[in-house]
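Chemist: Listed below, chain by chain, are the residues.
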Amino acid sequence: MSDLQNITQTLISGDGAALRGLVEEALGAGVSAGEILQDGLIAGMDIVGERMESGEMFIPEVLMAAQAMGESVEILKPLLAEGESSTAGKVILGTVKGDLHDIGKNLVVMMMESAGFDVIDLGVDVDPEKFVEAIKENKPDIVGISALLTTTMPMMKKSIDSIEESGLRNNLKIIVGGAPVNQAFADEIGADGYAPDAGAASKMAKAMYA
Amino acid sequence: MFTVIGERINTTLKKVKAAVEVRDDGYIREDVRKQTEAGATYIDVNGGARIGHEEEDMRWLLEVVQEATELPLCLDSPDPAVLEMAYGLVKKKPMINSISLEKDRFEPMINYLQGKECRIIALCMDDSGMPKTVDDIVSRAVSLVAELEKIGFARDDIFIDPLIQPMSVDVTNGQTAMEAIKRIMTELEGVHTTGGLSNISYGLPQRRIINRCFLAMMISHGFDSAIMDPLDRDIMAMTVTADMLAGNDQFCMNYIKAVRAEKIVA
Chain A
1 MSDLQNITQT
11 LISGDGAALR
21 GLVEEALGAG
31 VSAGEILQDG
41 LIAGMDIVGE
51 RMESGEMFIP
61 EVLMAAQAMG
71 ESVEILKPLL
81 AEGESSTAGK
91 VILGTVKGDL
101 HDIGKNLVVM
111 MMESAGFDVI
121 DLGVDVDPEK
131 FVEAIKENKP
141 DIVGISALLT
151 TTMPMMKKSI
161 DSIEESGLRN
171 NLKIIVGGAP
181 VNQAFADEIG
191 ADGYAPDAGA
201 ASKMAKAMYA
Chain B
1 MFTVIGERIN
11 TTLKKVKAAV
21 EVRDDGYIRE
31 DVRKQTEAGA
41 TYIDVNGGAR
51 IGHEEEDMRW
61 LLEVVQEATE
71 LPLCLDSPDP
81 AVLEMAYGLV
91 KKKPMINSIS
101 LEKDRFEPMI
111 NYLQGKECRI
121 IALCMDDSGM
131 PKTVDDIVSR
141 AVSLVAELEK
151 IGFARDDIFI
161 DPLIQPMSVD
171 VTNGQTAMEA
181 IKRIMTELEG
191 VHTTGGLSNI
201 SYGLPQRRII
211 NRCFLAMMIS
221 HGFDSAIMDP
231 LDRDIMAMTV
241 TADMLAGNDQ
251 FCMNYIKAVR
261 AEKIVA
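Protein chains in written order, with full-length UniProt numbering: chain A, 1 to 210; chain B, 1 to 266.
Some hints here could point you the wrong way.
[Unchecked claim] Which bits of chain A does chain B cover? Going by a derived footprint, with three or more residues having C-beta under 8 Å, they are:
#, segment
1, 58-70
2, 98-106
3, 150-163
[Unchecked claim] Computed spacing ranges between beta-carbons, pair by pair:
#, chain 1, residue 1, chain 2, residue 2, range
4, B, S139, A, G190, 39 to 47 Å
5, B, A154, A, N170, 52 to 60 Å
6, A, L79, B, K17, 35 to 43 Å
7, B, E149, A, G70, 40 to 48 Å
8, A, Q67, B, N248, 50 to 58 Å
[Said to hold, decoys possible] Far from chain A, by Cβ distances over 12 Å, these chain B residues were calculated:
#, residue
9, K15
10, C118
11, Q250
Just so you know, the hints here were simulated from the structure itself, not pulled from any lab data. In this text, a Cβ means the ideal position worked out from N, Cα and C, and glycines have one as well.
The whole structure should be built from the sequences, with the hints applied where relevant.
Modeler: What follows is the structure, given as structure tokens:
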């Protein structure tokens, strides 16, 4: 167990080389890949998400941690049993039609992946119909929609309405986020949740899936 | 001289939104008076945050703002219909924020701008999204200038916005913006460059320090306008000083005047 705590702490510090060393060491000592992933790495990214939300950690530090995590997951992947790497559920993410800003959305993709979700990133400028198609095809548990501009906020409502009208809303949670969005707007357009940042989005997705 | 576009009358800001909602003209007037006093060149007016009220909000704001200042206005809306109405209400040649190469936005804006007496902010954005490299930014700037010249715009009326992106996600973003400014100002001689400075500091702590330092570095590369908060005394002092150091202030007179007015205190 102490090995895994060390892994968690090293992940938070963002030292990728040290983290890979510790992961190899833990494997050598007979700890299973699944345990390292779940109790070492994902546990670490949960803390990173919390610290990002509280303002203790800043975006570059979060990116370093995520990069270090990605490298270590590469080591673990071939050793993970079938299905073990994506246990947290499936998420579809995209920035609404008309909006080409993807920095926030990319951070959410990264945090969700690090939390163990299977993430399908639809990119930017995503049509309401494209959300609908992707949901039909992939049957996600959660859909995340972002917007950075006040002018594209109405498109969030349209996207949610389209999903609703296609009868795909059952068993599906929709999270919205982005600079001009707030809880009141999320309620108004019928989203299931509003996340102010990537850390919060990942935490919310976990709570929804649990 | 450096063109300061005062960014404070924007309904995405909580206090402004609340003031517009209850039609508190005292609040708006006081803010505009302060921005004018602090040395703004233009007052940006953006009334677009209250969906469904954009036109009436803009109409009201323009009346109140123009009572409070003699400065020209920067009209900020993606909707040509709102801009058309606003254009008819301004007393001085305005700046229009903004045109870009995005298909949905370009055509209506070009049609709208044809024959208008105004200055224009041109964003280096097209349908493929945010520019990734210096070449991306410069080639978009070249297209925008060509299109605007085609409908009769003088270079002096064009303000290119290179779209500044955060350092927190890529440490080359500052350098990219600075190089792009340098190339635009030399390869498209006669145009201006502007932009929202604070994007650079997104995701980092103590953002104002980053914004100030970056502004000085940008000015050294030829940046000659910014959309910024004129009530931030330190950034205004930095603007006048950096502009002087870059050789744009004859006999350092703007600098000396600002010191005498106690706007610069070391």
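Chemist: If any of the earlier hints don't hold here, list their numbers in rising order.
Modeler: As far as the earlier hints go, 6 and 8 are violated by this structure, in ascending order.
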